[in-house]
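All chains, full assembly: derive it from the sequences and hints.
In order, the protein sequence lines correspond to chains A and B.
Numbered as in the working numbering, the first sequence ends at 96 without a single skipped number.
Numbered as in the working numbering, the second sequence ends at 118 without a single skipped number.
If you're looking for bench data, these hints aren't it; they were derived computationally from the structure.
Be careful, since some hints might not be right.
As the list claims (entries may be wrong) - From the derived model, a few chain A residues whose C-beta atoms are all more than 10 Å from chain B: (1) Q(-14); (2) T(-2); (3) K58; (4) D66.
Unchecked claim - As a list, the in silico SDA-like pairs of lysine to any residue whose alpha-carbon atoms are at most 25 Å apart: (5) K74/B to Y80/A; (6) K50/A to A33/A; (7) K14/B to Q24/A; (8) K60/B to Q24/A; (9) K60/B to T(-17)/A; (10) K50/A to T0/A; (11) K60/B to E41/A; (12) K60/B to E79/A; (13) K60/B to G81/A; (14) K14/B to R23/A.
No residue lacks a Cβ here, since even glycine has one placed at the ideal position from N, Cα and C.
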Amino acid sequence: AQTVTQSQPEMSVQEAETVTLSCTYDTSESDYYLFWYKQPPSRQMILVIRQEAYKQQNATENRFSVNFQKAAKSFSLKISDSQLGDAAMYFCAYRSSMEYGNKLVFGAGTILRVKS
Amino acid sequence: DTGVSQNPRHKITKRGQNVTFRCDPISEHNRLYWYRQTLGQGPEFLTYFQNEAQLEKSRLLSDRFSAERPKGSFSTLEIQRTEQGDSAMYLCASSPIWGGPYGYTFGSGTRLTVV
Chain A
-19 AQTVTQSQPE MSVQEAETVT LSCTYDTSES DYYLFWYKQP PSRQMILVIR QEAYKQQNAT
41 ENRFSVNFQK AAKSFSLKIS DSQLGDAAMY FCAYRSSMEY GNKLVFGAGT ILRVKS
Chain B
4 DTGVSQNPRH KITKRGQNVT FRCDPISEHN RLYWYRQTLG QGPEFLTYFQ NEAQLEKSRL
64 LSDRFSAERP KGSFSTLEIQ RTEQGDSAMY LCASSPIWGG PYGYTFGSGT RLTVV
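Structure representation (structure tokens):
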């Protein structure tokens, strides 16, 4: 079974600075998808960024980018020019491309605090 | 379409009571998922439907839990004889059947507190 590990329970960043959230995963599969989700307090979880494992190029979405290291099974999220609205719980998630159901395996999450 | 809707947002119940939650997915999404999220943890998969068929259930889904999706539209999750350990956020999500690299659309969740 696949597992996802987020080793940083909590991170802090100064507004306008850059922060990196770590994620490692364990799988025997070669083709899969990785996601970062943001869950603001009392609000719904939204997709921040996704990465297909077969793509070598790291995904980028505006101020959000990932560092995908397939051999190391590492998938970190970099947030540049941090804003107060970035404060939330961030979850790393894995999805197999082999399983039919598309279910996600989540890490335990990292709370990101943004200081003004 | 206003996204995935879950009701109620909060539910407080006494131990031993039955509770039912409802999820209305995005109308064109064939797949509907239920996850449970306990405090300080990531969501854990409970079950999913493709149209009206329940195709997979996690071992987390004890026999006190039952989920339905009649006619492949909304879904309900019922917990019978609630226990304090059932206290959690119950998340619903939906996705198109073809999946691909796309994530889900999540609802805002139902927070259950069993006292």
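Each hint, compared with the structure:
1. Q(-14): With a cut-off of 10 Å, Q(-14)/A comes too close to chain B, as the shortest Cβ separation is near 8 Å.
2. T(-2): Holds: least Cβ distance 24 Å, greater than 10 Å.
3. K58: Fine: 19 Å to the nearest Cβ keeps K58/A off the interface.
4. D66: 18 Å, holds
5. K74/B to Y80/A: 21 Å, holds
6. K50/A to A33/A: Holds, because 7 Å separates the two Cα atoms, which is no more than 25 Å.
7. K14/B to Q24/A: Since the Cα atoms of K14/B and Q24/A sit roughly 17 Å apart, the hinted pair holds (cutoff 25 Å).
8. K60/B to Q24/A: Judged against 25 Å, a Cα distance of about 23 Å means the pair holds.
9. K60/B to T(-17)/A: 18 Å, holds
10. K50/A to T0/A: 17 Å, holds
11. K60/B to E41/A: Violated - the C-alpha atoms of E41/A and K60/B are around 34 Å apart, more than 25 Å.
12. K60/B to E79/A: Measuring from Cα to Cα gives roughly 14 Å; hence the hint holds.
13. K60/B to G81/A: 11 Å, holds
14. K14/B to R23/A: 16 Å, holds
When held up to the earlier numbered hints, the structure conflicts with 1 and 11 and fits the remainder.
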